[in-house]
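The primary structure of each chain is shown beneath.
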Amino acid sequence: AQSVTQLGSHVSVSEGALVLLRCNYSSSVPPYLFWYVQYPNQGLQLLLKYTSAATLVKGINGFEAEFKKSETSFHLTKPSAHMSDAAEYFCAVSRNAGGTSYGKLTFGQGTILTVHP
Amino acid sequence: DAGITQSPRHKVTETGTPVTLRCHQTENHRYMYWYRQDPGHGLRLIHYSYGVKDTDKGEVSDGYSVSRSKTEDFLLTLESATSSQTSVYFCAINPSGAGNTQYFGPGTRLTVL
Chain F
1 AQSVTQLGSH VSVSEGALVL LRCNYSSSVP PYLFWYVQYP NQGLQLLLKY TSAATLVKGI
61 NGFEAEFKKS ETSFHLTKPS AHMSDAAEYF CAVSRNAGGT SYGKLTFGQG TILTVHP
Chain V
1 DAGITQSPRH KVTETGTPVT LRCHQTENHR YMYWYRQDPG HGLRLIHYSY GVKDTDKGEV
61 SDGYSVSRSK TEDFLLTLES ATSSQTSVYF CAINPSGAGN TQYFGPGTRL TVL
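In the order they appear, the protein sequences are chains F and V. Counting from 1, one number per residue, gives the positions in the first sequence under this note's numbering. Counting from 1, one number per residue, gives the positions in the second sequence under this note's numbering.
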């Protein structure tokens, strides 16, 4: 079984400040890890993903995440927040077990990011 | 744009009535999924499909059934809707399974009165 925990359902930062959204996972096999973003009344959009290549993954809109196996973490960061970053962010895990996982995702509970001027 | 449409986009129905939601893709991808999104729970997998007529249950499948008679369409049916099924439903597609990006549709907001 696999699971994802996102620490903090709400995170508030000032414009220009560091964004840090925390994600810890549990998986019995090597994982694939994803961060998605959801803007109000829209579907989910991929920010970045880890698929066992480089542990530091760069995504869209200046976001990046680092896979730390020893800490079972995949935290999302952005050096300088912008007002347009306000959204809900989801961390997700998928089993790296060949074709048997069918690409199914297990999501965390989500973190709402608020950016103050 | 991943070529995914969902219909209807909004629906209000009454307890006990059957409801069918449709997901349509234009990319002929093999894998399709249905999720529900509820505050505090993120997205939870209802059912998924790995080919025409090949479907299986996810973690919250009770009260739901699915069908996939064509590659491009994946239908989710609530046989007898209950208020606990009020949610936002998302369809997703995946070109080739494990490790690949899932692309999400715009969602269907369902309210069961």
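Any given hint could be a false lead.
[To be verified] Some chain F residues close to chain V (C-beta under 10 Å, calculated; not the full set):
1. Val-11
2. Ser-12
3. Val-13
4. Gly-16
5. Arg-22
6. Tyr-25
7. Phe-34
8. Leu-46
9. Ser-84
10. Ala-87
11. Phe-90
12. Ala-92
13. Gln-109
14. Thr-114
None of these hints come from the bench; they were simulated from the model. Bear in mind the structure is a predicted one, so any value in this text is a computation, not a measurement. Think of the CB as a built atom: it goes at the ideal place given N, C-alpha and C, for glycine as much as any other residue.
Status of each hint after checking the structure:
1. At about 15 Å, the closest approach between the beta carbon of Val-11 (chain F) and any beta carbon in chain V exceeds 10 Å, and the interface hint on this residue is violated.
2. Taking 10 Å as the C-beta contact cut-off toward chain V, the hint placing Ser-12 (chain F) at the interface is violated, the least distance being around 18 Å.
3. The restraint placing Val-13 (chain F) at the interface with chain V is violated, with a minimum CB-CB distance near 21 Å, outside the 10 Å limit.
4. Because the closest C-beta pair between Gly-16 (chain F) and chain V is about 29 Å apart, greater than 10 Å, the hint is violated.
5. The closest approach between the C-beta of Arg-22 (chain F) and any C-beta of chain V is roughly 14 Å, which is over the 10 Å cut-off, so the hint fails.
6. With a least beta-carbon distance of about 13 Å to chain V, the hint placing Tyr-25 (chain F) at the interface is violated under the 10 Å criterion.
7. Evaluation of the Phe-34 (chain F) hint against chain V yields a held restraint, the C-beta minimum of about 8 Å falling below 10 Å.
8. For Leu-46 (chain F), the suggested interface contact is upheld, since its CB lies about 5 Å from the closest CB of chain V, less than 10 Å.
9. Among the interface hints, the one on Ser-84 (chain F) is violated; its C-beta lies about 20 Å from the nearest C-beta in chain V, farther than the 10 Å criterion.
10. Of the supplied interface hints, the one on Ala-87 (chain F) is violated, with its beta-carbon coming no nearer than about 14 Å to a beta-carbon of chain V, more than 10 Å.
11. Interface restraint check for Phe-90 (chain F): the shortest CB-CB distance to chain V comes to about 6 Å, inside 10 Å, so the restraint holds.
12. Checking Ala-92 (chain F) against chain V: minimum C-beta separation of about 8 Å stays under 10 Å; hint holds.
13. Hint on Gln-109 (chain F) holds. Least Cβ distance to chain V is approximately 5 Å, under the 10 Å limit.
14. Evaluation of the Thr-114 (chain F) hint against chain V yields a violated restraint, the C-beta minimum of about 16 Å exceeding 10 Å.
In summary, the numbered hints that this structure violates are 1, 2, 3, 4, 5, 6, 9, 10 and 14.
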